[in-house]
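Participant: Since the structure of chain V is already known, use the hints to place chain C on it.
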Amino acid sequence: MRRLFLLLHQYRVTLVFVGLELVCTWLIVTQNIFLSASFFNSSNQTVAGILTSSNSISNYFSLAEVNDDLSQQNALLQKRLRAYEQSLYRLDTRLLTDSDLIGQYDYLSAKIINNSTRNVHNHITINIGKKQGMTQGLGVVNQRGIVGKIASVSDNYSVISSLLNADLMVSSMIKRTGQLGTTNWSGKDANQANLLYIPRHVKPLLGDTIITSGYNAIYPEGVLIGTIEDIILTDEANFYEIVVNLANDYGALSHVFVIKNNLKIEQQSTEAIVTGAHD
Amino acid sequence: MIKKSEIILLLSFFGYVFLYIFLFKNFVLLDSAFCFIYLIFLLNVPIERNRILALFIGLVTGLLIDVFSDSLGIHMASSVLLMYLRYYVIRWLTPQGGYDTNTLPTVPSMGLQWYITYSLPLILAHHICLFYTEAGGITSFFFTLTKVLSSTAFTLVVIVLFQYLLYSSAKRRI
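Chains as they are written, first to last, in our numbering: chain V, 1 to 279; chain C, 1 to 174.
One chain only, chain V, in its complex shape (with noise of 0.2 angstroms):
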């Protein structure tokens, strides 16, 4: 017993390495849930209220481009509200007149006070929380498509898990023929995703818009992700190998919106239902 404890006190310092890497794989390994503890990361009140003070100062140096994309947005909008207000005959009615379909979507600004894109999971932090009726798992897009979803809320800021993170995956559509598939980034250019699943007998062609397929119930059906890029299809493989070059510029965020469904809820226990039916 004697040598026992003198063994272990001569391994000490490596006995306390080996407990702490274990430790840190740990933390690793189950980092998803973690992450939603939201202590230990960017939107703990403190380390957020750090990096909003930073982010107050750098602010200055991309005001001009935030004003441009803000002109080009409100011009955007005010077309489309134009060509809305001319459409006197509408087919779907339903949209026009369900007030569950109209308010389906809430819309949540967000600013933006931490961002990277060159680690293999990425992630952003915004100013909004839990008191501003965020919770985990929403979509979040700004003006020129698809940016995220909500990782982790603490009271006053959230993190998301940007589309630069190679755990997430989104569920998207060829918009030309409707060809279901799921977008993931391969985690090197931060300009270029992987279109996954898209079968052999769907001819995609160089060009073809990616958006969300509305599936499920995070992203509304149609946001951009980005065009297509590059098609490879070796003679074995079931799937075409695509790159999408991406249309955000995940660099160059300021502000983001936060999409929240208000049928989510209403969707998904109506899928449960079917899908527990068949168990």
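Check the hints yourself; a few may be wrong.
Claimed, not checked - Lysine-lysine pairs mimicking DSS-like chemistry, simulated, CA-CA at most 30 angstroms apart:
(1) Lys264(V) with Lys175(V)
(2) Lys25(C) with Lys111(V)
(3) Lys130(V) with Lys25(C)
(4) Lys260(V) with Lys79(V)
(5) Lys25(C) with Lys188(V)
(6) Lys188(V) with Lys203(V)
(7) Lys111(V) with Lys131(V)
(8) Lys111(V) with Lys188(V)
(9) Lys264(V) with Lys111(V)
What the hints assert, rightly or not - Take a look, some chain V residues computed to stay more than 10 angstroms from chain C by CB distance:
(10) Phe5
(11) Arg12
(12) Asn41
(13) Val66
(14) Glu221
(15) Ala237
For the record, the hints were derived by calculation from the structure and aren't laboratory data.
These numbers come from a predicted model, not from an experiment.
Heads up, the beta-carbon is just placed ideally off N, CA and C, and yes, glycines get one too.
Facilitator: Chain C in isolation, oriented as in the chain V frame:
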């Protein structure tokens, strides 16, 4: 009684960690060379006997960096590894007659050649651990290797430059 050297250590901890978080985190050359300036703090912790304390210094530094960059565990694991290996590298590089008491492992007190031999393997080990953990394995081996090698070069150069900037020979401790 808190010693002066401990206050300097604490100040340099916050100094380098926040320098990294606010400034150097955004400096990425060619989308692959990162500069982990906070390693200068870990490398310059005085040579002392308490190795377990050194491991915990690495742990706390890594935790603070992780919390700000939403990568819980990754910087922690790498920094603890660096602090563990540091002891062996220092022992391997012991000059004849051993180290003087309270020696800081810096360029002014140990010389440039010693410092590069000391920091290069440690920075490399830290970066290998960091980037391969972040990539989640060796699936994109060569892409990650590019990141490791270019970041090691970048970090080393900046750290050595900082030594000349902040640890002047006037402050040399003998």
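Participant: Within a Cα-Cα threshold of 30 angstroms, do Lys25(C) and Lys188(V) meet the stated pairing?
Facilitator: holds, 18 angstroms
Participant: Given the hint that Lys25(C) pairs with Lys111(V), does the C-alpha gap stay at or below 30 angstroms?
Facilitator: At roughly 20 angstroms apart (the allowed maximum being 30 angstroms), Lys111(V) and Lys25(C) satisfy the hint.
Participant: Per the stated criterion, does the least C-beta distance between Arg12(V) and chain C lie above 10 angstroms, as a non-interface residue requires?
Facilitator: It is violated; Arg12(V) is separated from chain C by about 7 angstroms at its closest Cβ, not greater than 10 angstroms.
Participant: CA of Lys260(V) to CA of Lys79(V), is that 30 angstroms or under?
Facilitator: Holds, because 25 angstroms separates the two Cα atoms, which is no more than 30 angstroms.
Participant: Can you confirm whether the C-alpha distance between Lys111(V) and Lys131(V) stays at or below 30 angstroms?
Facilitator: holds, 15 angstroms
Participant: Keeping to a limit of 30 angstroms between CA atoms, is the pair of Lys264(V) and Lys111(V) held or broken?
Facilitator: holds, 24 angstroms
Participant: For Lys188(V) and Lys203(V), compute the direct alpha-carbon distance and say whether it is at most 30 angstroms.
Facilitator: holds, 26 angstroms
Participant: For Ala237(V), which was marked as not at the interface, is the minimum beta-carbon distance to chain C over 10 angstroms?
Facilitator: holds, 18 angstroms
Participant: Just to be careful, I want the Cα atoms of Lys111(V) and Lys188(V) compared with a cutoff of 30 angstroms; is the pair within it?
Facilitator: At roughly 26 angstroms apart (the allowed maximum being 30 angstroms), Lys188(V) and Lys111(V) satisfy the hint.
Participant: Does Phe5(V) sit more than 10 angstroms from chain C, CB to CB?
Facilitator: Label holds. Min Cβ-Cβ 17 angstroms, cutoff 10 angstroms.
Participant: Does Lys264(V) pair with Lys175(V) here, judged by a C-alpha cut-off of 30 angstroms?
Facilitator: holds, 23 angstroms
Participant: According to the definition I'm using, a residue is off the interface if its beta carbon is farther than 10 angstroms from all beta carbons of the partner; does Val66(V) meet that for chain C?
Facilitator: Answer for Val66(V): holds, closest chain C Cβ roughly 18 angstroms.
The structure does not agree with the numbered hints 11, 12 stated previously, though it agrees with the rest.
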